[in-house]
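Q: Please model the entire structure based on the sequences and the hints provided.
Here the protein sequences come in this chain order: A and B. Positions in the first sequence are counted from 1; adding 475 to them yields our numbering. Positions in the second sequence are counted from 1; adding 475 to them yields our numbering.
It should be emphasised that the hints constitute simulated quantities derived from the structure, not laboratory data. Predicted model only: the values in this text are computed from it and were never measured. Some hints here could point you the wrong way.
Same chains, same names: a pair is fine if it fits in one copy or spans any two.
Stated by the list, open to error - DSBU-like mimics (lysine-lysine), calculated; alpha carbons at most 35 Å apart, straight line:
#1 K757 with K605
#2 K861 with K845
#3 K718 with K898
#4 K845 with K756
#5 K898 with K602
#6 K607 with K861
#7 K602 with K683
#8 K820 with K683
#9 K491 with K602
#10 K844 with K683
#11 K607 with K756
#12 K756 with K844
#13 K837 with K683
#14 K756 with K898
#15 K757 with K845
#16 K687 with K779
#17 K687 with K820
#18 K756 with K605
#19 K837 with K757
#20 K861 with K820
#21 K602 with K861
There are 2 protein chains.
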Amino acid sequence: MKPYAEMTKEELASLKEQLMIQYKEYQERGLNLNMSRGKPCIEQLDLSMGMMDALTSGADMTCEDGTDCRNYGVLDGIREAKELIGDMMENPVDNIIIYGNSSLNVMYDTISRSMTHGVMGNTPWCKLDKVKFLCPVPGYDRHFAITEYFGIEMINVPMTPTGPDMDMVEELVSSDEAIKGIWCVPKYSNPQGISYSDETVRRFARLKPAAKDFRIYWDNAYGVHHLYDHDQDHLIEILAECKRAGNPDLVYKFASTSKISFPGSGIAAMAASQNNLEEIKKQLQIQTIGHDKVNQLRHVRFFKDIHGLVEHMRKHADILRPKFETVLQVLDNELGGLGIGEWTKPKGGYFISFDSMDGCAKQIVAACKKAGVVMTGAGATYPYGKDPHDSNIRIAPTYPSLEDLDTAMHIFTLCVKIASINKLLEEA
Amino acid sequence: MKPYAEMTKEELASLKEQLMIQYKEYQERGLNLNMSRGKPCIEQLDLSMGMMDALTSGADMTCEDGTDCRNYGVLDGIREAKELIGDMMENPVDNIIIYGNSSLNVMYDTISRSMTHGVMGNTPWCKLDKVKFLCPVPGYDRHFAITEYFGIEMINVPMTPTGPDMDMVEELVSSDEAIKGIWCVPKYSNPQGISYSDETVRRFARLKPAAKDFRIYWDNAYGVHHLYDHDQDHLIEILAECKRAGNPDLVYKFASTSKISFPGSGIAAMAASQNNLEEIKKQLQIQTIGHDKVNQLRHVRFFKDIHGLVEHMRKHADILRPKFETVLQVLDNELGGLGIGEWTKPKGGYFISFDSMDGCAKQIVAACKKAGVVMTGAGATYPYGKDPHDSNIRIAPTYPSLEDLDTAMHIFTLCVKIASINKLLEEA
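A: Okay, structure coming up:
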């Protein structure tokens with residue numbers, strides 16, 4: 476098949492007719508498939524069911540330091556959970572706070588605290604006329620939703636294959652005191668699966684922000700979520716880089732076990748400098764007496780240590796690898812060489828990012844929906860839901876079965892083809 | 476023994492000498508006893524260990540409506556948890572949101588949201604010059620800490636045997652638009668163990684606040700925490716009362732299972748009108764994808780229903796009753812008739828409240844500490860830690876063993892006697 480752009484109007488029209496027949500056939504099947512959210516599948520959830528036996532009624536519920544995990548106390552997490560998550564995040568226990576079940580919640584609370592109380596003695600953001608955040612795009616819709624909710628102005632920064640456009644980040648951050656933060660998913664990014672290069676991380680660590688209360692929001696959600704054993708991205712550790720660069724307080728790191736144990740029933744954590752943590756704990760002790768230590772202990776007893784956790788992630792990879800490969804294969808087979816779309820080939824994480832021809836994404840997602848395939852809303856990967864090119868679509872291959880995924884991707888690629896022809900015919 | 480006030484200076488001085496000998500003997504024992512916080516004891520924690528077996532690796536993890544509790548989703552709690560907690564809070568499931576592990580956290584977040592986003596379209600509190608809260612005193616230090624943290628001015632309202640002084644509450648709330656809320660522990664109050672009378676609750680429901688965004692913060696922390704089977708306080712249900720009074724949105728109710736299952740590993744909840752809940756959920760969906768549903772399911776499978784929960788509370792009562800009785804007995808035996816202190820005799824909850832002669836509380840708590848008995852800090856039961864009479868001391872009898880409690884209370888009453896004599900001698 477030749478590139479669509481090289482086809483005549485007549486060829487395109489005739490092709491569209493054939494494709495519409497296929498589309499109608501799919502529609503008649505009344506399918507209900509979902510590739511919209513980064514949800515683990517049932518087989519993945521089953522991997523952690525052993526955790527339910529990690530603490531039984533006869534279990535010793537005391538920590539190594541003698542703390543009874545069942546009672547009040549321990550604001551920032553039990554020591555052994557800090558060790559496990561610290562090893563995962565590549566940070567010492569002294570730089571870790573263990574939270575509740577959701578790192579998103581920790582990020583929200585961090586922004587909220589900055590609004591009401593400011594960051595390290597600086598003016599609370601709610602007292603400022605303008606607060607801005609940098610948003611690498613495409614990015615994670617729930618990040619953008621938080622900053623939007625707080626009325627923070629979001630500025631798009633284009634992603635490159637090595638991370639955000641650092642020239643732009645450096646220029647903006649150093650010149651505008653209203654810019655207080657940047658959302659980053661530095662490894663296997665949402666949605667592109669891009670891992671920031673060593674240079675990108677070092678340039679982040681060496682930023683000279685105009686705002687003293689500027690922080691990098693480093694959401695390392697997929698730090699250990701590789702698809703392959705021997706072909707993994709490596710991300711250098713930013714907290715150490717920041718320290719080395721004389722910017723120890725520049726970054727808040729976030730992580731959780733949501734896609735390791737159970738989404739919604741895992742444990743979340745933050746890593747940051749001791750200056751940052753001290754300030755955060757002053758607030759945290761007002762907000763709560765402590766997080767769920769029993770669940771922290773349950774995680775430690777189940778995974779034992781970082782090696783156990785890494786082994787566990789292999790099992791996730793075994794389930795997810797064929798799913799990613801199915802998506803990529805259908806994309807290659809159906810769209811390869813047609814010049815109507817580009818997509819990423821991540822080595823980990825939860826998503827594949829697809830870019831259609833400009834102005835086609837909404838149409839594609841709408842057409843998919845009418846044929847029974849729910850995709851993440853077009854535009855969702857951009858602040859305010861506005862993709863200036865209307866081209867980016869996030870594909871979440873993890874939840875559906877291989878068979879459903881294959882069907883869903885055939886429908887998706889069919890919709891891409893039809894929308895692209897419509898666009899080319901309009902322009903002709 | 477006759478009342479201290481009727482003793483001569485010489486009698487008091489001689490008595491003090493004897494008491495100081497006893498005090499020094501206690502000091503030499505190098506004790507380390509703690510009656511400072513409302514922590515369940517180990518025997519109470521053991522009562523819920525069966526919950527660890529409620530979900531095993533072979534368990535069915537689906538809710539009644541088919542939701543897999545292990546995956547993302549369900550912002551406001553699983554249906555069966557809403558039923559259990561709804562029955563406990565005496566509210567329909569439609570008025571319930573199930574949260575994470577801490578109702579204190581929910582209260583903090585509620586204040587925080589009011590600061591940044593306001594309440595139902597009213598001006599965010601952070602944009603106002605002045606925000607005030609009413610604080611029935613003595614009350615719960617962690618409540619006061621939240622409002623203090625947000626720079627909210629706290630106004631003391633005296634407690635009476637039927638609840639807060641409602642004449643004062645009505646007058647203040649109806650005349651001052653800056654008053655946005657009141658902290659209430661309406662049943663077995665912290666620290667006095669007072670339950671609000673029917674009239675008090677009805678007067679709350681009929682408040683006509685000057686501020687449209689005034690809310691009653693109804694922290695029913697001890698709703699099912701009775702000490703006796705047949706001698707229980709009854710609190711009328713305020714949400715229904717508010718509805719009846721034409722004030723459906725006036726109240727936020729809070730509760731948790733922290734002192735039912737495990738402190739820090741229980742489930743928390745809010746009950747409110749649907750208008751309130753709708754607004755709250757708009758924010759909640761930005762803050763999190765959902766709370767820990769596995770732990771919700773674990774609680775439901777263990778307690779089964781409200782009857783199971785009530786039966787469980789009987790076991791707590793069996794452990795706590797002798798502790799409360801020990802405290803009261805030592806108080807009666809040692810201080811009865813001396814005219815140097817008054818105390819409450821609660822039928823439930825976690826505390827006994829003691830009022831010394833004016834100006835003695837700090838001295839008593841300090842003297843206890845030097846003899847190895849840690850009490851809640853004097854003043855802690857008042858906003859800003861300032862007890863205007865320096866007389867209130869909160870006694871938390873739940874954690875220590877009966878033997879330790881007996882010793883600790885003898886030291887406490889000894890310190891009360893000595894401080895009272897000091898005071899009387901000063902005045903003489």
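Q: The structure should be examined with respect to each hint, and the outcome stated for every one.
A: Each hint, compared with the structure:
Taking the closest pair of Cα atoms, K757 and K605 come within 35 Å of each other both inside a single copy (26 Å) and across two copies (23 Å). Proximity of K861 and K845 under a CA criterion of 35 Å is satisfied intra-copy only: 22 Å inside one chain copy versus 65 Å between copies. In this homomeric assembly, K718 and K898 never come within 35 Å of each other (Cα to Cα): the closest approach is 51 Å inside a single copy and 56 Å across copies. Proximity of K845 to K756 under the C-alpha cut-off of 35 Å is restricted to the inter-copy arrangement: shortest distance 29 Å between copies versus 49 Å within a copy.
Neither within a single protomer nor between protomers do K898 and K602 lie at most 35 Å apart by alpha-carbon distance, with minima of 47 Å and 49 Å respectively. Proximity of K607 and K861 under a CA criterion of 35 Å is satisfied intra-copy only: 17 Å inside one chain copy versus 40 Å between copies. For the homomeric pair K602 and K683, the shortest alpha-carbon distances inside one copy (23 Å) and between copies (31 Å) are both at most 35 Å. Within a single copy, K820 and K683 get their C-alpha atoms as close as 33 Å, which meets the 35 Å cut-off; across copies the closest is 62 Å, which misses it.
Proximity of K491 to K602 under the C-alpha cut-off of 35 Å is found in neither arrangement, the shortest distances being 56 Å within a copy and 57 Å between copies. Neither within a single protomer nor between protomers do K844 and K683 lie at most 35 Å apart by alpha-carbon distance, with minima of 46 Å and 50 Å respectively. Taking identical chains as interchangeable, the C-alpha atoms of K607 and K756 lie at most 35 Å apart whether they share a chain (25 Å) or sit on different chains (25 Å). Taking the shortest Cα distances, K756 and K844 sit within 35 Å of each other only across copies (26 Å), while inside one copy they are farther apart (46 Å).
In this assembly of identical chains, K837 and K683 lie within 35 Å of each other by CA distance neither inside one copy nor across copies; the values are 39 Å within and 50 Å between. Within a single copy, K756 and K898 get their C-alpha atoms no closer than 54 Å, and across copies no closer than 40 Å, so neither meets the 35 Å cut-off. With identical chains, the CA atoms of K757 and K845 are at most 35 Å apart between copies only, with a shortest distance of 28 Å across copies and 51 Å within one. In this homomeric assembly, K687 and K779 never come within 35 Å of each other (Cα to Cα): the closest approach is 40 Å inside a single copy and 53 Å across copies.
Taking CA atoms no more than 35 Å apart as the test, K687 paired with K820 passes in neither setting, with 38 Å inside one copy and 54 Å between copies. When the C-alpha separation of K756 and K605 is checked against a cutoff of 35 Å, the pair qualifies both within a copy, at 27 Å, and between copies, at 26 Å. In this assembly of identical chains, K837 and K757 lie within 35 Å of each other by CA distance solely across copies; the values are 25 Å between and 45 Å within a copy. Proximity of K861 to K820 under the C-alpha cut-off of 35 Å is restricted to the intra-copy arrangement: shortest distance 24 Å within a copy versus 63 Å between copies.
Both within a single protomer and between protomers do K602 and K861 lie at most 35 Å apart by alpha-carbon distance, with minima of 28 Å and 30 Å respectively.
Checked against the numbered hints above, the structure violates hints 3, 5, 9, 10, 13, 14, 16 and 17; every other hint is satisfied.
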